[in-house]
Structure formats: C-alpha cells, structure tokens
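**Q** Here is how the chains run, residue by residue.
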Amino acid sequence: MATNGEEQQSQAGRHQEVEHKSVLQSDALYQYILETSVYPREPEPMKELRELTAKHPWNLMTTSADEWQFLNMLLKLINAKNTMEIGVYTGYSLLATALALPDDAKILAMDINRENYELGLPVIQKAGVAHKIEFKEGPALPVLDKLVEDEKNHESYDFIFVDADKDNYINYINYHKRLIDLVKVGGLIGYDNTLWNGSVVAPPDAPMRKYVRYYRDFVLEINKALAADPRIEICMLPVEDGITVCRRIQ
Amino acid sequence: MATNTQEQQTQAGRHQEVGHKSLLQSDALYQYILETSVYPREPEPMKELRELTAKHPWNLMTTSADEGQFLNMLLKLINAKNTMEIGVYTGYSLLATALALPDDGKILAMDINRENYELGLPVIQKAGVAHKIEFKEGPALPVLDKLVEDEKNHGSYDFIFVDADKDNYINYHKRLIDLVKVGGLIGYDNTLWNGSVVAPPDAPLRKYVRYYRDFVLELNKALAADPRIEICMLPVGDGITLCRRIK
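Note that the protein sequences, when read in sequence, are chains A and B. Going by the numbering used here, the first residue of the first sequence is number 1, and it counts up by one from there. Going by the numbering used here, the first residue of the second sequence is number 1, and it counts up by one from there.
Hints may contain errors.
Claimed, not checked - List of simulated lysine-lysine pairs, DSBU-like, C-alpha gap at most 35 Å: (1) B:K146 / A:K76; (2) A:K126 / A:K55; (3) A:K224 / B:K47; (4) B:K76 / A:K224; (5) B:K81 / A:K177; (6) B:K181 / B:K247; (7) B:K181 / B:K136; (8) A:K76 / B:K247; (9) B:K81 / A:K76; (10) B:K181 / A:K76; (11) B:K181 / A:K126; (12) B:K247 / A:K184; (13) B:K106 / A:K76; (14) B:K181 / A:K47.
Source of the hints: derived by calculation from the structure; they are not laboratory data.
Chain A extracted, bound-state conformation (with noise of 0.2 Å):
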C-alpha cells in the first residue's frame, strides 16, 4: 500500500492478522482454487514477484495468485491493447497484465512510490514485458486530469484496473469520474478491494481493525455508487478481495 515504509508494515501486519485469506467459505477451499488451477499454471515470472514480495522485510502484502488467472483471462479475452494500471505496488497484478498483452502493447502504470515498483521491476524485465510500461510516479488525479483535458484521449483505453491502497478509496470516486471518459465504449475498469476482506457486512459492533473500519464506509459508497451509474453494467466478483468489473456502454 502506498504510504510510507513503517506505517506500511504495522498496515501490512495488522490486515495480516485478519483471519480469511479470501472472502471464500473457507481457506481450504481458495487453496484448492490455487493448487488445483492455479499453481500449475503461474508463469515464473510470477512466482518469482510473489516469492520475492513474501520475503520482504516489510512483508508488504498477501498476493493473491488467483488474481493473476483471473486478468489473464480476462485481457485475452477482451484483446487489450492500451490498457492502466492505478496503484501498482510490487507490480503483481501489473507483470499479470503485462504477460497477457500482446507485445505492442502499452501500459500505463502510476504509483504514488516508485520504490515499491522497482522492487519487482527486475522480474518483470526478466520476463521480457518491461518495454509495454510507462511508469509513473505520483497522485494519478493530476494525471487523469491531464489526460482528460485532451479529447484525443477520450475512449483511448480498453481496460484500466485501479488497485485500491488507503488513500486512493477517498480517491476511488474522484478517479471514476474521469475513467468513464477514458475507457472506451465496450471496454473495462475494474476497481479492487470492493469486498473489503467481507466487512461490507459485518454487524456494527463487530470487533474491526480501526483502517478497516475507516475505509469501510468508502467501499460501501463505492458500491453503491458503481451500481448506481447509467454509463456502466457492473459485475462484483469474488476473486480475491473482491473486484468490481465495469463495462463502460455508454
């Protein structure tokens, strides 16, 4: 999560201790989902970055290998070719969506702390997909913005993911309104995390980590407010923490 370094690893920890690994009945079930399909087919390359993630000192976060199938599926499926990527981290879901595209394709990719980014890009120039991504450094609205402000860029993107971190859920709403021009007509954005780790539901009084809680009420507004848009059909899947897919069609 893009914050600074000790704040990230007492984050890191605390999510850590929550108990479910996904929002599945049970953590015997998602590790059947990652043995039975996953494992053996994860490229290297990603088992490297998530090996090397792991090993970390600040142990920065769980990577969900059932990510990686899910958006390689998912870009080939749609043939992406342009796509972005808001808050990349390690690079997980980042080297995921580079290994699915094809080799002219772009990616645009914007963190707010490149140290995290370099961290992983040695795997991912490794991998051969390093050329795809233009890596920027910093808040994505002044970017978004900017983007926005030419009208060539208008439906220029087939798939954008916004991988949420603590500060970007305020944010979330903020970089949908610009997104929904930036995303072609047909295309996707897919905004992570909208299960928040199944505390959507839990009861009012229900013992919560306080940065749970806090952002909680971001999600729940997020949701609704997704669901809510004329401009998208949505769908929530549970893959991982949750990810709210968003096909643009008007």
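Assemble the complex: chain A is given as a structure, and chain B must be docked to it using the hints.
**A** For chain B alone, coordinates are given in the frame of chain A:
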C-alpha cells in the same frame, strides 16, 4: 441434473439443506453482492424467470442471479454470436445468454427434459429473444458426436456453457474442445460443488454430493492438465471454470 424425476426431486430437496447458499464467507456477504449489484440491475425477464423458478420444486438446479449477471457480461465482452448450452432446466442462464447476444446470435440448447424448458419459455418469448434459441430434447452426447463428425462444425462456437450431469463433463469436454473456436470459451458450472471439493473424508455429505464430488475432482484435475486450454476457476455461483481454447 439429468436423472429421473423422482430422484431429481429428492436430490434438490437434499441440496437445499446444505448450509451455504454460496461459496462465500457468509450468506450475508452473498446477499450483499446480490442486493448491491445484481438485483438493482436485473432485467425484468430475468427477475420474472427467477421468481417463477423459485416456486418450482427442483429450483436448486437453477443458475443463481449473480451467475446470470456474470454470464451476461462475459458474453458481451467476447462479442459472442454462436453459442451452445448443455443443461437448460427452466432457462435462467439460457435467458441471460439470449439477452446478451446480438439479434442474429444463435444458441443451441440441449436438455434431457423439455418440460422444464417449456416452463420458462413464455418468459423468454415475452423478452423477444426466443428466436435465437434452437432447443433439442435428449442426451447431449449423441448430438455432440454428430456435430464433431462434420468438420465444418469444428471451431464454430464462440461460447459453450455446460451445466448438466457432472459424470459426463469429461465426455462432453472431449467433443467440445473441437467445437469451440480457438480463443473461444467453454464454461463448466458447479466445479466447486458447494465447497465439498475440500470436505474431509469423514465429513457428513449428502449421498449425491459425495457421489458426484469424485467426478468433479477428476474433472478439475483434467481441465487443469489440458494443454489445449487456459483455465480460470471462478467462485461465482457454485464455481464456474472458464476454459479458453488456445490450440
């Protein structure tokens, strides 16, 4: 499921007693997804068919609303035009498909039981999409064998959805892999089998759940090992395995 009526009825009843309605952490979470993103968007005909089917004694066989929504989006994303469905029941996923395809889209739909299909057919007709559907009553294997015989049919389907007798999925797959186009999709339903794929050996399981579970486990292994496809096991509904043909 393609067994005789009485067996189906008791099976559906038993399946209903199983705790989770979904594969998710909690029913509350599943309801949240339905209420936030599915029901508000559900087209009128699908709501109508869902409610009609809910009154039917074997309603546990039906496709869930979240799955219908997912299929609908998927079909639009891949611009599907020529599709197939094995296992129709009252036609919920068939209707979701028919609504997603363009006006000249085609669906070959097969089910061992015409009666259930005819229950839902009025809703499909009212929705103005029945003309896309060609329904064949009877077992699917003979139909598939005939299709495979003619090379013209190879690689002719954009999307094939299999929601039927689990003990035949592997047999279907051997034919479908030739009929679906390269880059096209086969979707196998119920591949997480109510989560029972990970139940310990001594867990109390309904007889039919345990019986078909072995077939499901075998199918999942076989699909994962098939080099002609890339797969994605999605925990939507009772688990859908998407298989994209790559060669």
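**Q** Hint by hint, work out which the structure violates, then give me just those numbers in ascending order.
**A** No hint contradicted; all consistent.
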